[in-house]
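Each chain is listed here by its residues.
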Amino acid sequence: MTNTSEQILDIDTIRKDFPILHREINGRPLVYFDNAATSQTPKQVIDCIVDYYETKNANIHRGVHSLSQIATDAYESARETVRKHFNAKFAHEIILTAGTTHSINLVANGYASILKPEDEILVSAMEHHSNIVPWQMLCQKTGSKLKVIPMSHKGELEMDTYKELLNENTKLVFVNHVSNALGTINPIKDIIDLAHGVGAKVLIDGAQSAPHIKADVQALDVDYYTVSAHKICGPTGVGMLYGKEELLNMLPPYQGGGEMISEVTFEKTTYAGLPHKFEAGTPNISGGIAFGAALDYMNDIGFEAIAAYEMELLKYATSEIEKIDGVEIYGTSPERKTAVLSFNIEGLHPYDIGTLLDKMGIAVRTGHHCAQPIMEFYKIPGTVRASFSFYNTKEEIDSFITALKKAKSMLL
Amino acid sequence: MSSIQERQEEIIEEFSMFEDWMQRYEYMIELGKSLPLIDEKHKTEENIIKGCQSRVWVYAEMDNDQVDFTADSDAIITKGIIAILIRVFSGQKPEDIINADTSFIDEIGLKEHLSPTRANGLVSMIKQMKMYAIAYNSQQNNKA
Chain V
1 MTNTSEQILD
11 IDTIRKDFPI
21 LHREINGRPL
31 VYFDNAATSQ
41 TPKQVIDCIV
51 DYYETKNANI
61 HRGVHSLSQI
71 ATDAYESARE
81 TVRKHFNAKF
91 AHEIILTAGT
101 THSINLVANG
111 YASILKPEDE
121 ILVSAMEHHS
131 NIVPWQMLCQ
141 KTGSKLKVIP
151 MSHKGELEMD
161 TYKELLNENT
171 KLVFVNHVSN
181 ALGTINPIKD
191 IIDLAHGVGA
201 KVLIDGAQSA
211 PHIKADVQAL
221 DVDYYTVSAH
231 KICGPTGVGM
241 LYGKEELLNM
251 LPPYQGGGEM
261 ISEVTFEKTT
271 YAGLPHKFEA
281 GTPNISGGIA
291 FGAALDYMND
301 IGFEAIAAYE
311 MELLKYATSE
321 IEKIDGVEIY
331 GTSPERKTAV
341 LSFNIEGLHP
351 YDIGTLLDKM
361 GIAVRTGHHC
371 AQPIMEFYKI
381 PGTVRASFSF
391 YNTKEEIDSF
401 ITALKKAKSM
411 LL
Chain Y
413 MSSIQERQEE
423 IIEEFSMFED
433 WMQRYEYMIE
443 LGKSLPLIDE
453 KHKTEENIIK
463 GCQSRVWVYA
473 EMDNDQVDFT
483 ADSDAIITKG
493 IIAILIRVFS
503 GQKPEDIINA
513 DTSFIDEIGL
523 KEHLSPTRAN
533 GLVSMIKQMK
543 MYAIAYNSQQ
553 NNKA
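Residue numbers (the working numbering), protein chains in the order written: chain V, 1 to 412; chain Y, 413 to 556.
Any given hint could turn out to be false.
[To be verified] The calculated lysine-lysine pairs, modelled on DSS-like cross-linking and capped at a C-alpha distance of 30 Å, are:
#  : chain 1 : residue 1 : chain 2 : residue 2
1  : Y       : K542      : Y       : K462
2  : Y       : K445      : V       : K405
3  : V       : K145      : V       : K189
4  : V       : K408      : Y       : K505
5  : Y       : K523      : V       : K406
6  : V       : K323      : V       : K394
7  : V       : K408      : Y       : K542
8  : V       : K323      : V       : K405
9  : Y       : K523      : V       : K405
10 : V       : K116      : V       : K84
11 : V       : K116      : Y       : K542
12 : Y       : K445      : V       : K379
13 : V       : K408      : Y       : K445
14 : Y       : K523      : V       : K408
15 : V       : K154      : V       : K406
16 : V       : K406      : Y       : K445
17 : Y       : K505      : Y       : K539
18 : Y       : K445      : V       : K323
19 : V       : K189      : V       : K244
20 : V       : K147      : Y       : K445
21 : V       : K145      : V       : K116
22 : V       : K379      : V       : K406
23 : V       : K379      : Y       : K505
24 : Y       : K455      : V       : K379
25 : V       : K84       : V       : K147
Hints were generated in silico from the structure; no laboratory data involved.
Make a model of the complete structure from these sequences and hints.
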């Protein structure tokens, strides 16, 4: 097949970096289209983890010995890589966490002692459960009100209603940069500016945007931004909370323990400065270092090239799937979303489709994608979600379409 | 009336004739279409087996010391799986259902559905059916 994609990225070379892409599932070559759940890991990142345990392993920030210093340098150098990637002003504004969910809970917990009953919190209708539940818990604690920014049938946020919902009581706004179930790219710059207009702070959940879009936290003027490393070719169990320095200084610590203290007596503990105040205990050291390696890997390929190539995959998949009778695609047009194809086939349950695709070596996600309010909105039990990454190919999309037709003929 | 053991052996033999997964699943889809359907009035919240992916209802009635099961699901493969379970368990004595070994699932190539993370919850379905049997069994014992 001749296509322009080969000019954008050298896919054959890239695919050689991912050992897992060469395995078989149920006797068929693996076609991995569940990238929105977790991305695969290139050998550069795997090697980085192995190298850490083979040559650098020591506890960080406290040892006087050289190995501890080597490990600390590697960890702090990864934090600097993350800072640079997201263009934070200071490295200490980057809190290395266990991932997006942990980051969100850290902020929500901090506001429990700040919010008052008359305060209001806004969340969008297309949030992942991890960006709904912590705020519900926060509202239970503080008595504050949780309000929802609605979405349209096209899967886009209704900005006019958002403007109406904002008022002087609005203290916090939470929106994902990209919806995990639909792939919609939300107009976060407008959302942030409007919120700031009433003095509210904004947390943007970047879990689904980070693999496709390089966010500049200073240009966005965002207050908090969260990311999970495992969605951007990094390991699981590590991620980032970016917060503006003055806000992170204001928030109380999340967990008590080692690392996060300055001085401890039984009468009083004084907390360490940023970022250590929020990094109690021994962190995921190898994970943090590998997070940096993952960003380096993706930046070497280039986010613009990645986004352009993935858009081509999405457009191709969309046009091919639309040829199948009874297919309904959820969410907006390809130009306004990341490489996520969320769909159903009339008369078929997503679970049945997913089960048969799996037997043919194709990994997709089925179900409500931890975004039940969206499924409730469309009155469906769930969708089949195929999500593409820069290491996928049009040939894999062809296999997926063939398998989908086979599944449909078996089920109908 | 054949025993649970005999019915399981029958099913194992049927499935052994299939050469590949596709024939197995096509057969399961067929079985799903012939599932003894639950009466709409029993499709209640309490008869639902909670799963992340597809909804499953199971209902049981006692008839002459034997338990009769009916069920439904919105996913056809799940219906096929319940149809297999119903074929094994329906019309059996509560005590036999409680003591039944269900390792035949493994032998017919459906082991993947036994995983507790698998959201259609074959394990939960078996558990629910055994719960019904336990309930009817204690009812019988109380009468005796």
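Holds or violated: K189/V to K244/V, with C-alpha atoms at most 30 Å apart
holds, 16 Å
Between K408/V and K542/Y, does the CA-CA distance stay at or below 30 Å?
Given that 30 Å is the threshold and the Cα spacing comes to 34 Å, the pair is violated.
What's the verdict on K406/V and K445/Y, does the C-alpha distance respect the 30 Å limit or exceed it?
Holds. K406/V to K445/Y sits at ~19 Å (cutoff 30 Å).
Sort out whether K405/V lies within 30 Å of K523/Y, counting only the CA atoms.
Status holds; Cα separation ~26 Å.
Does K542/Y lie within 30 Å of K116/V when you go C-alpha to C-alpha?
violated, 50 Å
Does K379/V sit within 30 Å of K445/Y, going by the straight-line distance between their CA atoms?
holds, 24 Å
Hinted pair, alpha-carbon criterion (30 Å max): K323/V, K394/V. Please report holds or violated.
Holds, because 16 Å separates the two Cα atoms, which is no more than 30 Å.
Does K505/Y lie within 30 Å of K408/V when you go C-alpha to C-alpha?
violated, 39 Å
Checking one constraint from the list: CA of K147/V to CA of K445/Y, max 30 Å. Satisfied?
Violated, at about 44 Å.
Distance restraint between K542/Y and K462/Y, which requires alpha-carbon spacing of 30 Å or less:
holds, 16 Å
Would the hint linking K408/V and K445/Y be met if the CA-CA limit is 30 Å?
With a Cα-Cα distance of about 16 Å, the restraint between K408/V and K445/Y holds, given a limit of 30 Å.
Distance restraint between K84/V and K147/V, which requires alpha-carbon spacing of 30 Å or less:
violated, 34 Å
Of the numbered hints stated above, those contradicted by the structure are hints 4, 7, 10, 11, 20, 23 and 25, listed in ascending order.
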